[in-house]
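With these hints in hand, go ahead and build the complete structure from the sequences.
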Amino acid sequence: MNLNYLIRRLGQAVITFWATVTLTFALYHMMPGGPVESMQNIILQQITTSGGTADLEQIEEMVTLYANIQPDDPVYIQYIDYWRQLLFEFSMGRSFSHQEPVTTLIAERIPWSMFVSVYSLVIGYTASILLGSAMAFKEKSRFDSIMSTIMVSLQSTPYYIVALLLIYSAALQLGWFPTGGRVGTGVEPGFNLEFMTSIIHHAALPILSTSILGISGAISLRGNAIRVLGEDYLRVAELRGLRPSRIATEYVGRNAILPMYTRFMIGIAGVLSSSVILEQIFSYPGMGLLMYNAISIRDYPLLMGTLIIFTSITIIGILIADLTYGYIDPRASGGGGTE
Amino acid sequence: MSDSEGETQSELEALFEPQDTVESLTRWERMKQQYDLYIRAPLKVAINDWRTVVGLGLLIMFGLAGTVGVWFTNAPSSGQAPFLLGPFENWAYPLGTDALGRPIHTQLIHATPSMFQMILGGAGIAIGLATLVGLLSGFLRDTLVDRVLMTIADVVITIPGLPLVMVLVAVFQPRNPYVVGVLLGLDAWPALARQIRSQVLSIREEHYVEASRIMGLRTWTILRRDLLGQLTPYIAINAALAARGIIFGSVGLYFIGVLPFNALNWGVMMNMAYESGALNDTAKLHWLIWPMLTIFLLSVSFVLLSQGLDSVFNVRLRARHAQTAGEGDKSASKGKHDNA
Numbered sequence: 001m002n003l004n005y006l007i008r009r010l011g012q013a014v015i016t017f018w019a020t021v022t023l024t025f026a027l028y029h030m031m032p033g034g035p036v037e038s039m040q041n042i043i044l045q046q047i048t049t050s051g052g053t054a055d056l057e058q059i060e061e062m063v064t065l066y067a068n069i070q071p072d073d074p075v076y077i078q079y080i081d082y083w084r085q086l087l088f089e090f091s092m093g094r095s096f097s098h099q100e101p102v103t104t105l106i107a108e109r110i111p112w113s114m115f116v117s118v119y120s121l122v123i124g125y126t127a128s129i130l131l132g133s134a135m136a137f138k139e140k141s142r143f144d145s146i147m148s149t150i151m152v153s154l155q156s157t158p159y160y161i162v163a164l165l166l167i168y169s170a171a172l173q174l175g176w177f178p179t180g181g182r183v184g185t186g187v188e189p190g191f192n193l194e195f196m197t198s199i200i201h202h203a204a205l206p207i208l209s210t211s212i213l214g215i216s217g218a219i220s221l222r223g224n225a226i227r228v229l230g231e232d233y234l235r236v237a238e239l240r241g242l243r244p245s246r247i248a249t250e251y252v253g254r255n256a257i258l259p260m261y262t263r264f265m266i267g268i269a270g271v272l273s274s275s276v277i278l279e280q281i282f283s284y285p286g287m288g289l290l291m292y293n294a295i296s297i298r299d300y301p302l303l304m305g306t307l308i309i310f311t312s313i314t315i316i317g318i319l320i321a322d323l324t325y326g327y328i329d330p331r332a333s334g335g336g337g338t339e
Numbered sequence: 001m002s003d004s005e006g007e008t009q010s011e012l013e014a015l016f017e018p019q020d021t022v023e024s025l026t027r028w029e030r031m032k033q034q035y036d037l038y039i040r041a042p043l044k045v046a047i048n049d050w051r052t053v054v055g056l057g058l059l060i061m062f063g064l065a066g067t068v069g070v071w072f073t074n075a076p077s078s079g080q081a082p083f084l085l086g087p088f089e090n091w092a093y094p095l096g097t098d099a100l101g102r103p104i105h106t107q108l109i110h111a112t113p114s115m116f117q118m119i120l121g122g123a124g125i126a127i128g129l130a131t132l133v134g135l136l137s138g139f140l141r142d143t144l145v146d147r148v149l150m151t152i153a154d155v156v157i158t159i160p161g162l163p164l165v166m167v168l169v170a171v172f173q174p175r176n177p178y179v180v181g182v183l184l185g186l187d188a189w190p191a192l193a194r195q196i197r198s199q200v201l202s203i204r205e206e207h208y209v210e211a212s213r214i215m216g217l218r219t220w221t222i223l224r225r226d227l228l229g230q231l232t233p234y235i236a237i238n239a240a241l242a243a244r245g246i247i248f249g250s251v252g253l254y255f256i257g258v259l260p261f262n263a264l265n266w267g268v269m270m271n272m273a274y275e276s277g278a279l280n281d282t283a284k285l286h287w288l289i290w291p292m293l294t295i296f297l298l299s300v301s302f303v304l305l306s307q308g309l310d311s312v313f314n315v316r317l318r319a320r321h322a323q324t325a326g327e328g329d330k331s332a333s334k335g336k337h338d339n340a
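Chains as they are written, first to last, in the UniProt record's numbering: chain G, 1 to 339; chain U, 1 to 340.
Simulated from the structure, these hints should not be mistaken for laboratory data. Quantities reported herein were computed from a predicted structural model and do not represent experimental measurements. Misleading hints may appear alongside valid ones.
Dumping the calculated DSS-like pairs for lysine-lysine here, alpha-carbon to alpha-carbon at most 30 Å [to be verified]: (1) K44/U with K140/G; (2) K44/U with K138/G; (3) K32/U with K44/U.
Examples of chain U residues toward chain G, derived with CB under 8 Å [as the list claims (entries may be wrong)]: (4) L231; (5) G252; (6) L279; (7) M292.
Ideal Cβ positions, reconstructed from N, Cα and C, are used throughout, including at glycine.
Rendered as structure tokens:
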């Protein structure tokens, strides 16, 4: 791992973060009528439902409080201030609907979404590696062609349709799983068995439907493995009389799976994306559902906050993938810049 | 390549002779050759592959539904038919009706044009941007432009697509299907742009490009000639996959009710069925199942098409199916050098 590569990758991550935050700031200003006018109605609504009254000055104050934007300042000062509050006060404004700081709201939800995302990534990719290698070893057999057909249909089925089918069959018809929520009612939280099983029980269907996103990797693994199977060094290994199990794991497996590794980490972006739709279907209170609820009542600060956090998680995932890839695949250490 | 030196000499001389003395094909023969190479052979490969046939067939069916079908059926309206008729019960409404008395089949048909508009907008912007960025940064390798463009591509890859689209939708409230498509297609371009860029870079390294450069051709001329052939497969396959992405994204957003319900959409149908408890009620289940099946079929057609196109663009496979390929290849390659 050379230092130059490390710096470039870190720089990339910083630029992405900067771009996302700048985008959210710009979006406040690109709202029809600007931040004050577009949020005025929502704040007025909030105030009237709670039985109070407000004038324009008060509303501007509230915009400051909620969106971390001082509408009277020149734009560049607003921008610097927006950053200052984000970096030094960890503040992303205040949610209209929850009346709580956005950071607190999101921090409470992150573990649940990450729990579902990580497990569905792991399950999806494990399944695709197993299936892909089985298909490659039995290339052109009936198993291969049947599996390829199944793969096409899986690739053509959106994850939310999978989710609906799973709710219908496994939850409603068979009653094996709950249809929503993240933990059973009346279960005491903590490190007890009942709580743990309840969590897994509730997360099973969301995890299963998201893992469909990773399964299309089986096709690319099949392609990789078939390509490796035709390489000369494999023939040499056979001629050397190495055990088939060793050839399968160390020669074919390693070379076919390695290209999947970066895909795995980038897959986080896809899984997090899917959570905004899936968590609504399963009424699973993670970040996706938070964002969904934010959008239905135009809770802009919360909306922007979730976007920033979604991106940050992906940035960290990709950074980990980039920085560890060199250790796993010696060929790629420090390189990869020209691809 | 020939063995004797004399022949090599004459071949080299022929290479530099003016075009009209070498060109022995008549216009008709040339046209026939072109037809054989670019239309007949690909079609034959396509027909031999069941995936292309099924994919294209389904797509044409959807295309007809979205054009002719819309003309021949009335737009669905509430209360025009009995409520919640099951499928295949009344042949005036073969797929049944929903809880508002609208026939399912006309709803599906009338939602097709806007779906295709979204696909056009989304796949168009994704392919267009990808080609532009990929070519530019491939040509200007290791310059500031290249670095800036690739950084932008990496940034866009990293930002999770659907949450970004949701924020944009919340702020701008798009109603035009093309605009919805464009928003959804915005995160599909960077991967293809990177593929195109690395194609440009690898073609630059080829021996024949080196040769053409020595002969004094401009890089742009060489790349233009060689690129088009090599990039078409990537572009076609990625267009099909981008189309699938647009379908998934738009239907998903309509389904959870984030996009404004101004148009008929399969996702809107799913949303209304789901919200009215179709999963718990057998009488309403078909209302949810038909749009799901429709989405599946349209996606299948694009996925099959992308896989089938892969074999159409396989040059070796195509050469086997072209009648005039043998001579065609030779004179074509000669023609290339003659123009030089």
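Here's how the hints hold up against the structure:
Distance hint between K44/U and K140/G is fulfilled; the C-alpha atoms sit about 22 Å from each other, no more than 30 Å. Of the supplied pair hints, the one linking K44/U and K138/G holds, its CA atoms being roughly 28 Å apart against a limit of 30 Å. With a CA separation close to 16 Å, the supplied pair K32/U and K44/U stays within the 30 Å bound. Against a cut-off of 8 Å between C-beta atoms, the interface hint on L231/U is violated, since the closest Cβ of chain G lies about 17 Å away.
At a threshold of 8 Å, the smallest CB-CB gap from G252/U to chain G is about 5 Å, leaving the interface hint in force. At about 5 Å, the closest approach between the beta carbon of L279/U and any beta carbon in chain G falls short of 8 Å, and the interface hint on this residue holds. Checking M292/U against chain G: minimum C-beta separation of about 5 Å stays under 8 Å; hint holds.
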